[in-house]
Amino acid sequence: MLNPKDSEKLNMAKKESTFGNMLMALLIISLVSSTTLGFVYEFTKEPIRMVEINKTNAAIQAVVPPFDNQPAVESYKVASDLDSLRFYPAKMKGVVVGTAVETYTKKGFSGLIKLMIGLAPDGSIIDISVLEHQETPGLGDKIDKAKSDFSLQFQGKNPAEFKLIVKKDRGDVDAITASTISSRAYCDAVKRAYDAYMSTLVKNQ
Amino acid sequence: MNQWKNFTKGFLKDNPILVLILGTCPTLGTTTSGINGLSMGLATTFVLLGSNVFISLLKNFIPDKVRIPAFIVVIASFVTVVELVMKAYLPDLFNTLGLFIPLIVVNCIVLGRAEAFASKNNVFSSAVDGLGMGLGFAMALFLLGTIREILGAGSVLGHKFISGDGMLVFILAPGAFIALGYMIMLANQMKKKYIKD
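So the sequences go chain by chain: A and B. In terms of my numbering, the first sequence has 23 at position 23, counting the first letter as 1, and numbering is strictly consecutive. In terms of my numbering, the second sequence has 240 at position 35, counting the first letter as 1, and numbering is strictly consecutive.
Check before you lean on any hint, since a few could be wrong.
[As the list claims (entries may be wrong)] In the SDA-like style, the derived pairs of lysine to any residue whose C-alpha atoms are separated by at most 20 Å in a straight line are:
no., chain 1, residue 1, chain 2, residue 2
1, A, K147, B, V311
2, A, K45, B, M291
3, A, K55, B, V290
4, A, K114, B, L304
5, A, K45, B, K292
6, A, K45, B, L298
7, A, K45, B, L289
8, B, K325, A, M22
9, A, K55, B, M372
10, B, K210, B, L336
11, B, K292, A, M22
12, A, K45, B, L336
13, B, K292, A, G38
14, B, K292, A, V40
15, B, K270, A, P71
16, B, K292, A, M50
17, B, K292, A, G20
18, B, K292, A, T44
19, B, K292, A, K147
20, B, K292, A, I48
21, A, K45, B, L356
[Claimed, not checked] Covered, in the sense of this in silico footprint (three residues per stretch, anywhere, with C-beta under 8 Å from a C-beta of chain A), are these stretches of chain B:
no., segment
22, 238-249
23, 259-270
24, 282-295
These are calculated hints, taken from the structure and not from any lab test. All C-beta atoms, glycine included, are put in the ideal place defined by N, C-alpha and C.
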């Protein structure tokens, strides 16, 4: 390390600050770094786009039957109570076999929960996967399929007769033990997707 | 200056986490597993090395009064490069580290080394300093991550050795504080024993 005397000498030798050289120094540094970042951005733009598309495709594939179209390209937005939801239609030979709905809830125990829900043309649930959550590890994170069987009880159920409310609130959903708030939030997100989907059906008729 | 000493000081003598207690926010936030901690440490090492080299090169060009904004611009550029490259080529890792990558900009270690070392020393010493400090940071994060993963999830580097959950508190923030506290205690003991200065 430097001894104090040396560093004092160096501090004295520091460049005098004038308006002109401060301006120049900051201008040049900003210009060089923004140019560099521009190049890096151009260089990584395509790979990042591919990653995003693959991620969406994988999430869609997990919740709807096999399809041969590009749901990520054909996606559209449907108005919901607070924010619109994104719908990804999965088609096989031009016929809609299911719709993946990206839905969310703000009622989670800690922050936003995002789900991808596959709905059959009649509105029954095919499968659900969690895209994003911050629930407590070991408790609320059981909404994730990898952690528990909670989400399996929704498979094949039609919300028209299967009440998307936890049993504690006189619904049909078995809540996760010690995570009623996360379970309620999960149901809220599913219900939001289902309601938005049904509203599109009504409109089309 | 003894470059070997300059390099190794980051591991124990001046370890940013265990001795200087700098940059504890990303430390506590990202060390839920050994791999996460190591990746965060290596990303920071890259930024630290790059910013130290550039700031050392520019030290005679930057006027004293605007040195902090100038340093921040240099650091932020390196962080953005890391962020974009990680997003493009290591998307899974980016998802787990998420917000903490952009936050490297305000990591005290990076600005601290720029201010305390790189702006006063030559390029080679600054590079060695950045590398040593960064790897010391990465080592501390890796150790903390591994300890938390073993106790909290019952796995080592993602390989589970018990079924079910471990002591979940260690995955959560309080466990991070407890584990870090013990690590700081041990590091200080070791420092007293092995380093005479």
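To see whether the hints hold, each was checked on the structure:
1. At most 20 Å may separate the alpha-carbon atoms for a hinted pair to count; K147 of chain A and V311 of chain B exceed this at roughly 35 Å.
2. Taken as a hint, the K45 of chain A and M291 of chain B pair is honoured in the structure, with Cα atoms around 12 Å apart against an allowance of 20 Å.
3. For the proposed pair K55 of chain A and V290 of chain B, the alpha carbon gap of about 17 Å is at most 20 Å, so the pair holds.
4. In summary, the hint linking K114 of chain A to L304 of chain B is supported, as the alpha carbons are separated by about 17 Å, within the 20 Å threshold.
5. Distance restraint check for K45 of chain A and K292 of chain B: the Cα-Cα separation of roughly 10 Å lies within the 20 Å cut-off, and the hinted pair is therefore satisfied.
6. Restraint check: the Cα-Cα separation between K45 of chain A and L298 of chain B comes to about 18 Å, which is no more than 20 Å; the hinted pair holds.
7. For the proposed pair K45 of chain A and L289 of chain B, the alpha carbon gap of about 8 Å is at most 20 Å, so the pair holds.
8. Between K325 of chain B and M22 of chain A the alpha-carbon distance is near 19 Å, which keeps this suggested pair within the 20 Å criterion.
9. With a CA separation close to 32 Å, the supplied pair K55 of chain A and M372 of chain B exceeds the 20 Å bound.
10. A hinted pair counts as satisfied when its Cα atoms are at most 20 Å apart, and K210 of chain B with L336 of chain B qualifies at roughly 12 Å.
11. Under the criterion of a C-alpha separation no larger than 20 Å, the hint pairing K292 of chain B with M22 of chain A is inconsistent with the structure, at around 34 Å.
12. Between K45 of chain A and L336 of chain B the CA atoms are separated by roughly 29 Å; this puts the pair beyond 20 Å, and the hint is violated.
13. At most 20 Å may separate the alpha-carbon atoms for a hinted pair to count; K292 of chain B and G38 of chain A meet this at roughly 16 Å.
14. Using a Cα cut-off of 20 Å, the hinted pair K292 of chain B and V40 of chain A holds, with the two alpha carbons roughly 12 Å apart.
15. Using a Cα cut-off of 20 Å, the hinted pair K270 of chain B and P71 of chain A is violated, with the two alpha carbons roughly 55 Å apart.
16. Straight-line distance between C-alpha atoms of K292 of chain B and M50 of chain A comes to about 11 Å, which keeps the hinted pair within the 20 Å bound.
17. Distance restraint check for K292 of chain B and G20 of chain A: the Cα-Cα separation of roughly 39 Å exceeds the 20 Å cut-off, and the hinted pair is therefore not satisfied.
18. Restraint check for K292 of chain B and T44 of chain A: the C-alpha separation of about 8 Å stays at or below 20 Å, so the hint holds.
19. A hinted pair counts as satisfied when its Cα atoms are at most 20 Å apart, and K292 of chain B with K147 of chain A does not qualify at roughly 26 Å.
20. Restraint check for K292 of chain B and I48 of chain A: the C-alpha separation of about 6 Å stays at or below 20 Å, so the hint holds.
21. Restraint check for K45 of chain A and L356 of chain B: not satisfied, since their Cα atoms lie roughly 40 Å apart, outside the 20 Å limit.
22. Only when three residues or more bring their CB closer than 8 Å to a CB of chain A does the claim for the segment 238-249 of chain B stand; here the count is 0, and the claim is violated.
23. Coverage of the segment 259-270 of chain B by chain A holds in this model, with 7 residues showing a Cβ closer than 8 Å to a Cβ of that chain against a need of three.
24. For a cut-off of 8 Å, the count of residues in the segment 282-295 of chain B with a CB near a CB of chain A stands at 8, and the three-residue condition holds.
Checked against the numbered hints above, the structure violates hints 1, 9, 11, 12, 15, 17, 19, 21, 22; every other hint is satisfied.
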